[in-house]
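Hints given; two lone chains; assemble the complex.
Protein chains in written order, with my numbering: chain P, 282 to 623; chain C, 7 to 355.
Bear in mind the hints are in silico, worked out from the structure with no lab data behind them.
Worth double-checking, as some hints may not be accurate.
To be verified - In silico contact screen, one side only, chain C against chain P (beta carbon under 7 Å); selected entries: (1) D197; (2) D199; (3) L201; (4) L205; (5) N208; (6) R222; (7) Y224; (8) A227; (9) G228; (10) H245; (11) L248; (12) Q320; (13) H323; (14) A332; (15) I335.
As the list claims (entries may be wrong) - Covered stretches of chain P (chain C as the covering partner; in silico rule of three or more C-beta atoms under 8 Å from a C-beta of chain C): (16) 396–404; (17) 475–481; (18) 521–533.
Claimed, not checked - In the DMTMM-like style, the derived pairs of lysine to aspartate or glutamate whose C-alpha atoms are separated by at most 25 Å in a straight line are: (19) P:K310 - C:D233; (20) P:K353 - P:D440; (21) C:K290 - C:D191; (22) P:K582 - C:D191; (23) P:K353 - C:D284; (24) C:K156 - C:D251; (25) P:K310 - C:D294; (26) P:K310 - C:D251; (27) P:K310 - P:E530; (28) P:K353 - C:D191; (29) P:K314 - C:D233; (30) C:K290 - C:D138; (31) P:K353 - C:D111; (32) C:K172 - C:D294; (33) P:K582 - C:E280; (34) C:K156 - C:D111; (35) P:K314 - C:D191; (36) C:K188 - C:D103; (37) C:K156 - C:D191; (38) P:K353 - P:D409; (39) P:K353 - P:D311; (40) P:K353 - P:E387.
Ideal Cβ placement from N, Cα and C applies to all residues, glycine included.
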Amino acid sequence: MMRRRLLTVSLGLSLALTACTQSGTPPLKDPGKVVPVKHFAVPGRLYAVKARRLYQFSGSAVNAVPGAISVKDPAVTLDGARLAYAQIQGQASTIVVGQSNGQGAERITSASAPEGALWAFAPAFSTDGRHLAYLTDRGKLNSNPQNLQPNDLGVWQYDIVSHQSERLVTPTSYTGGDSDPVFRPAATDQLVYTTYLYDGYPLQPVARLTWMSTQTGRTSFLSPSLARNLEPSFSPDGKFLAFIRGGPESDDLLVMPLAASFPAEPHPYPTEGATLVQAGMVSQPVWAPDGNSLAFLMLVKGSFDLYVLPISTIGGVRATGPAVAITQGSFFDADSRLAWSP
Amino acid sequence: MRGGQASGAEPLLRRGMNQRGARATPVGRGARRARWLMLFALLLVLALIGGVVLYVSPFLALMEPHQAVARGVPTPVATPPPLQSNQPINILLLGSDNDQKFQPDALLSQTMIVASVDPGRHQVTLLSLPRDLWVPIPGHGEAKIDLAYKLGGAALARATVEQRFKIPIHYYAWVGLGGLVKVIDRVGGVDVDVLHPVLDDNYPNDFNGSGYGTERVYLAAGPQHLDGRHALQYVRSRHGDLLSDFGRSVRQQQVLVALQQRTAGTNLIGLLPEVARDLNGHLKTDIDLVRLTQLAIFARGLHAGDIHQAYITQYVHDATSPDGQAILIADWPAVNAYLRQVFNGNVLP
Numbered sequence: 282m283m284r285r286r287l288l289t290v291s292l293g294l295s296l297a298l299t300a301c302t303q304s305g306t307p308p309l310k311d312p313g314k315v316v317p318v319k320h321f322a323v324p325g326r327l328y329a330v331k332a333r334r335l336y337q338f339s340g341s342a343v344n345a346v347p348g349a350i351s352v353k354d355p356a357v358t359l360d361g362a363r364l365a366y367a368q369i370q371g372q373a374s375t376i377v378v379g380q381s382n383g384q385g386a387e388r389i390t391s392a393s394a395p396e397g398a399l400w401a402f403a404p405a406f407s408t409d410g411r412h413l414a415y416l417t418d419r420g421k422l423n424s425n426p427q428n429l430q431p432n433d434l435g436v437w438q439y440d441i442v443s444h445q446s447e448r449l450v451t452p453t454s455y456t457g458g459d460s461d462p463v464f465r466p467a468a469t470d471q472l473v474y475t476t477y478l479y480d481g482y483p484l485q486p487v488a489r490l491t492w493m494s495t496q497t498g499r500t501s502f503l504s505p506s507l508a509r510n511l512e513p514s515f516s517p518d519g520k521f522l523a524f525i526r527g528g529p530e531s532d533d534l535l536v537m538p539l540a541a542s543f544p545a546e547p548h549p550y551p552t553e554g555a556t557l558v559q560a561g562m563v564s565q566p567v568w569a570p571d572g573n574s575l576a577f578l579m580l581v582k583g584s585f586d587l588y589v590l591p592i593s594t595i596g597g598v599r600a601t602g603p604a605v606a607i608t609q610g611s612f613f614d615a616d617s618r619l620a621w622s623p
Numbered sequence: 007m008r009g010g011q012a013s014g015a016e017p018l019l020r021r022g023m024n025q026r027g028a029r030a031t032p033v034g035r036g037a038r039r040a041r042w043l044m045l046f047a048l049l050l051v052l053a054l055i056g057g058v059v060l061y062v063s064p065f066l067a068l069m070e071p072h073q074a075v076a077r078g079v080p081t082p083v084a085t086p087p088p089l090q091s092n093q094p095i096n097i098l099l100l101g102s103d104n105d106q107k108f109q110p111d112a113l114l115s116q117t118m119i120v121a122s123v124d125p126g127r128h129q130v131t132l133l134s135l136p137r138d139l140w141v142p143i144p145g146h147g148e149a150k151i152d153l154a155y156k157l158g159g160a161a162l163a164r165a166t167v168e169q170r171f172k173i174p175i176h177y178y179a180w181v182g183l184g185g186l187v188k189v190i191d192r193v194g195g196v197d198v199d200v201l202h203p204v205l206d207d208n209y210p211n212d213f214n215g216s217g218y219g220t221e222r223v224y225l226a227a228g229p230q231h232l233d234g235r236h237a238l239q240y241v242r243s244r245h246g247d248l249l250s251d252f253g254r255s256v257r258q259q260q261v262l263v264a265l266q267q268r269t270a271g272t273n274l275i276g277l278l279p280e281v282a283r284d285l286n287g288h289l290k291t292d293i294d295l296v297r298l299t300q301l302a303i304f305a306r307g308l309h310a311g312d313i314h315q316a317y318i319t320q321y322v323h324d325a326t327s328p329d330g331q332a333i334l335i336a337d338w339p340a341v342n343a344y345l346r347q348v349f350n351g352n353v354l355p
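Looking at chain C on its own, in the form it has when it is part of the complex (with noise of 0.2 Å):
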C-alpha cells in the first residue's frame, strides 16, 4: 500500500489511510467535503422526491385517464384548451348516491352541473341540467339525463351533454356523497343564506345503518354556518321543496359558491392533499395535477359576483314518458339559443 505511487490510486489510498485515522491532507479533506456535499444533495433530491410523491400520490388515486368509450357510442369530441390560453375549459360535474344501498358500478348521476372557467373573462358559470330531463343517450335511445353515467360511465356523460347540449366537455369530475361532506369539514364548513327553511320528515338517513332509514331534517331560513352533513342535507332535500329538483339544483349552486367563497383565502399546497386524501373513494375525475392546480389558483381570486348561476327551468315543462316516468322536456332550439348567449358562443356546431 505505501508504493500506491499511480496516478488514480492515490485518492483510494488516502481514503483508506484517513479511515485509519492518519492525518488528513488537505486534498483528502476536500474530497471528504465533495462527498458529503454529493451526499447532501443526494438526499436533497430524494426528499424533494419523495414530498412531491407524498404530495402527488392522494391525487393520483382520484384521477382517471379520459375514459374508453363503449363500442357504438360516439367519443367526447372536445379536447382540453393548451394550458397557456385564456380559452373557456368547461367540466361536468357530477354527483351521485353513493351510499351501501348502491352498486359502486352503476350510480345514477343525481347532479349534473357544467361548470365553465373563463379564464379571459374572469368568471365561472355554473349550469345545472335538471336529472329528470328526457334526452337521446347515445347508443341507449331516450332515457332521463340521469341514466348516461350508470350505463357508461363519465363519457357517455360526456357525450350526451355534448351532443344534446352542444356544449364541450373538456373535463369531468364524479363527487359521492360522503366525499362532498368531507371537503366541507376540511374546510370548516360553508356560510350559506338559506333560502327556505328546509323541513324533511323522509330524508334519507344515508350514514348509518343499510341507507335505507329515513331522518327528520330542519334548518332554518337565513344566513349560517354548515358543517359538512348540514350542508349536505340543504343541497339534496327535495321532499319539502315545492320546487323539488330545480329548488335543489339552486341550492347545490349555493353551496359550491360558498365552497368557493370558503377556500378563497387558504393555502391550497397545505390544503389539496388532504382534501383528496377525504376524497378517496368518493371523487373521480380526468383532470391532471397541474390543471388541477391551475384551476384552483383560479378559483380562490373569484369574488361571489364573478361567480355566474345559470338553469334551464323556463325552457322544461313536465311530461310523461312511454314507459311512464315523469320527465322534463326540453324547448331545445329555445335552450340552445340560451346556451349559446350563457357560454359567449363556445358551442359545438
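Next comes chain P alone, as it looks inside the complex (with noise of 0.2 Å):
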C-alpha cells in the first residue's frame, strides 16, 4: 500500500514537472492592432478586416478606412473607385456602398422587413459595376420559438442604377444557404457561388462550388458532392477561380481553370484543379489586379494573418515563390473576405 502510494506520489511529481515545460509553439495573443511586417510592399490597395474594422493595405503604408466600423466582406469595383461591405448593427446587418476613400456611404439594403430583422452580406461588384450580388434572408417567414420557421441566406442582386433587389438564389432550408457570391469578371451573366447541403449517409455537412447563369436561372456544380469547397474567387480575366478545400486536418488553397462559357450539360466535377497552399488553415483568397499573386489570411500560432502567393497561370497554375508574410500576429477576421484593387 505504501509502495503504491509512493509510486503515485512521484508518478504525480513527475508529471508536474513535465507539464511545466511547454510543447510546441505557444498562441500568440491579439495585440488588439494590425501589425504588418517590417518591409513590405503591396501593390494597388488590398482590404483586409480586424476586429470587425477595415484596414487598408497600400504599398508600403496599413491604414483604417474611415467610418467602416462594424463591417465584413469588404469589396471593390474593377477600377477600385468604389468599396461596398456589409455593417453590422445589434442583430442585423446591411449592405453599405461609398467611395474607396471612404466618404460618402450609403445603406442600400434595409436592416428590417415586415418578416423581421434581416442579415446582409457578402456583397461582389458585376464587371461593369452596376449590380451588387449579396446574401440575405430576406422574404423568410416570421419565425419565433413556438413556430420556428427557416431564415437561410439566399443570394440577390441589387442594381445600382434602379435601385431595385431580386433574388437569385433560394437556398436550401436548414443548410445555413448559400454563401460567398462572386461575378465572373469578363462575362455579363455568370455568378459564382458556395451552395451549402448536407449529403451521404448518414448525412453530412457539404460545401459546392455552383456556377450560374444570371439570364437563364441555369446552375451548375464545379464541384463534387461529400468534399467542401467554398470561398470562390475570379482571376481578373476570369478565366480561373481560387477556392478553399476543407478537409478534415486541412484547409488547402486551390486553382482551377474555369470553361469559357457556361455549360450545356452539367458539369459534377471540377475540371484539373492546382493545389498551391497546404498549410494548416487558409482562407478567403483573392486575387491581385494583375492576376500574378493571390492573397488570402493563413492560421499561424493561433493568429489569421494576411499572406500573398505569388504565382503564373501560364502553362498549368503553379506557385512562383514562397508565400510572403504581409503581418505577423494581427488576427484578421477569417470569416470576413478580402477584396483587392488597382
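So this is what it looks like as C-alpha cells:
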C-alpha cells in the first residue's frame, strides 16, 4: 500500500514537472492592432478586416478606412473607385456602398422588413459595377420559438441604377443557405457561389461551388458532392477560380481553370485544380488586380494573418515563390472576405 | 548567570549574551547560522505548501468523489486503470444548459460524449451519444438518455451508459454553458472551420435577464477564430440545422478538438489553476489531480489526426415514445458491434 502511494506521489511529481515545460509553439495573444511585417509592399489597395474594422494596405502603408466600423466582407469595383461592405448593427446588418476612401457611404439594403430583422452580407460588384450580388435572409417567414421557420441566406442582386433588388437563388432550407457570391469578370451573366447542403448516408455537411447563369437561372456544380469547396474568387481575366478545399486536417488553397462559356450539360466535377497552399487553415483567397498573385489569410500561431503568394497561370497553375507574410500576429477576421483593387 | 558552566546551559547563556550585544563566539555564530538556515528551510517548506495549496485549491472545488448511487441503481462497474498503465481511460463528458431558468440540481444532460483516451495507441476517440436516444435508465424504466443525469446525477448517467452501451466509464466531467465560454476565452478562443453558415433567429439568450429571451445568431461558414460566446453559439444552435442534434454533435466534437489544438502549446501549470477558477460552479468531475495532470500532458502531445470522431447516427431512427415524445430508437446489436470496433474490444461483457 505504502509502495503504491509512493509510486503515485512520484509519478504525480514527475507529471507536474513535465507539465511545467511547454510543448510546441504557444499561441500568440491578440495585440488589438494590425501588426505589419517590417518591410512589405502591396501593389494596389488590399482590404482586410480586423475586429470588424476595415483596413487598407497600399504600398508600404496600412490605414483604417474612415467610417468603416462594425463591418465585414469588403468588395471593390474593378477600377477600385467604389467600395462596398456589410455593416453590422446589433442583430441585423446592411450593405453599404461608397467611395474607396470611405466617403459618401450609403446604405442600400434595409436592416428590417415585415418578416423581421434582416442579415445582409458578402456584397460583390459585377464587372461593369452596375450590379451587386449579396446574401440576405429577406423573404423569410416570421419565426418565433413556438413556430420555428428557416432563415437561410439566399443570393440577391441589387441594381445600382434602378435601386431594385431581386432574388437570384433560393436556398435549401435548414442548410444555412448559400455564401460567397462572385460575378465572373469579363462576363455579363455568370455568377459563382458556394452552396451548402447535406449529402451521403448518414447525412453530412457538404459545400459545393455552383456556377450560375443569371440570365437563365440555370446552375451547375463545379465541385463534387461529399466534399467541402468554398470561398471562390475569380482571377481578373475570369479564366481561373481560386477556392478553399476543406478537409479533416487542413483547409487548402486551390486554383482551377474554368471553361469560357456556361456548360450545356451539368458538369459535376472540378476540372484539373492545382493545390497551391496546404498549411493548416487557409481562407478568403483574393486575386491581385494583375493576376500574378493571390492574397489569403493563414492561421499561424493562433492568429489569422495576411499572406501573398506569387503565382503563374501560364502553362498551368503554379506558385512562383513562397507565400510572403504581410502581417504577423494581427488576428484578422477570417470570417470576412478580402478585397484587392488597382 | 556568569557561573553558568553546566553543559546544556551554555548555549542559552551565550544566546543571552549576544542578545545583549556581547561579542559572539565562533560557536554562537554557527548556532545562529544554523537557526537561520532552519528558519529559511521552514519558510521554504511553508511557501511550498502554501503554493501547492494555492495551486490545488481551485481544483479541489471542482472535484467530487465517485458519487453514491441511489438505492436500487447498479453502481458503475468500471474502476480506473492504474496511473502507470497504458490501458484506455473512458471519461463521460456531460454538458447542460445551467442558466437561471433551470434548477441547479435537476439538469438534463444536453451533451453526452464519451472521450476514450488510449495512451498505448496514442489516440483519443470521441463518441457522441444522442440526447433523444430511448434507453433503459436503471431504476427508472425507459426514457431519453438525457434524463439520467437529472434523475440520478453523474452516477446514474454513468450506469446508464455502461449498462446499455457496454462502455466502461472510469470518470465523468460535467460542464455548464458558462464554463465552456470561460475556458475558451481563457485560452484565447478556438480556431474552427465552421461547416455551414449558422443562422438562428431564435437562439436562447442565456446570459442576459431571465434566460428565457432569444437573440439572432449568424456565423459565416469557413475557417475562423471563435471566442467563447460564438463557440457556444456554434455548438449549441440547432434551429437552423437540418441535422438538428446530430449536426450539433458534430460541431461539439469539432470545438473540443479545436480546444485541444489551441492548448497544445501552452504552459499547463500556469494555465490550469486559472481555468479551474473559471470553472468554479460550472464543472464537476471525479478525476483526481494527478490523473488530470497526466491527461493534460497526454492531450498536449496529440495532433489533430490522433483524435477520432465517432457517431451512432447510422444505427438509430426517429420514433415516438409511448408518451408522445420525439425520440430515437437504436439498433442495439449494430450499435454494440460498432462500439466494440471503435473501442478496440475494450467493452464490458
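Okay, the hints, checked on the actual structure:
no.: 1; hint: D197; result: holds, 6 Å
no.: 2; hint: D199; result: holds, 5 Å
no.: 3; hint: L201; result: holds, 4 Å
no.: 4; hint: L205; result: holds, 5 Å
no.: 5; hint: N208; result: holds, 5 Å
no.: 6; hint: R222; result: holds, 4 Å
no.: 7; hint: Y224; result: holds, 5 Å
no.: 8; hint: A227; result: holds, 6 Å
no.: 9; hint: G228; result: holds, 5 Å
no.: 10; hint: H245; result: holds, 5 Å
no.: 11; hint: L248; result: holds, 4 Å
no.: 12; hint: Q320; result: holds, 5 Å
no.: 13; hint: H323; result: violated, 11 Å
no.: 14; hint: A332; result: violated, 14 Å
no.: 15; hint: I335; result: violated, 15 Å
no.: 16; hint: 396–404; result: holds (count 4)
no.: 17; hint: 475–481; result: holds (count 3)
no.: 18; hint: 521–533; result: holds (count 5)
no.: 19; hint: P:K310 - C:D233; result: holds, 13 Å
no.: 20; hint: P:K353 - P:D440; result: holds, 21 Å
no.: 21; hint: C:K290 - C:D191; result: holds, 19 Å
no.: 22; hint: P:K582 - C:D191; result: holds, 16 Å
no.: 23; hint: P:K353 - C:D284; result: violated, 32 Å
no.: 24; hint: C:K156 - C:D251; result: holds, 19 Å
no.: 25; hint: P:K310 - C:D294; result: violated, 31 Å
no.: 26; hint: P:K310 - C:D251; result: violated, 34 Å
no.: 27; hint: P:K310 - P:E530; result: holds, 23 Å
no.: 28; hint: P:K353 - C:D191; result: holds, 22 Å
no.: 29; hint: P:K314 - C:D233; result: holds, 17 Å
no.: 30; hint: C:K290 - C:D138; result: holds, 23 Å
no.: 31; hint: P:K353 - C:D111; result: violated, 42 Å
no.: 32; hint: C:K172 - C:D294; result: holds, 24 Å
no.: 33; hint: P:K582 - C:E280; result: holds, 22 Å
no.: 34; hint: C:K156 - C:D111; result: holds, 7 Å
no.: 35; hint: P:K314 - C:D191; result: holds, 19 Å
no.: 36; hint: C:K188 - C:D103; result: holds, 15 Å
no.: 37; hint: C:K156 - C:D191; result: violated, 28 Å
no.: 38; hint: P:K353 - P:D409; result: holds, 23 Å
no.: 39; hint: P:K353 - P:D311; result: holds, 19 Å
no.: 40; hint: P:K353 - P:E387; result: holds, 16 Å
Consistency with the previously given hints fails for numbers 13, 14, 15, 23, 25, 26, 31 and 37, ordered from lowest to highest.
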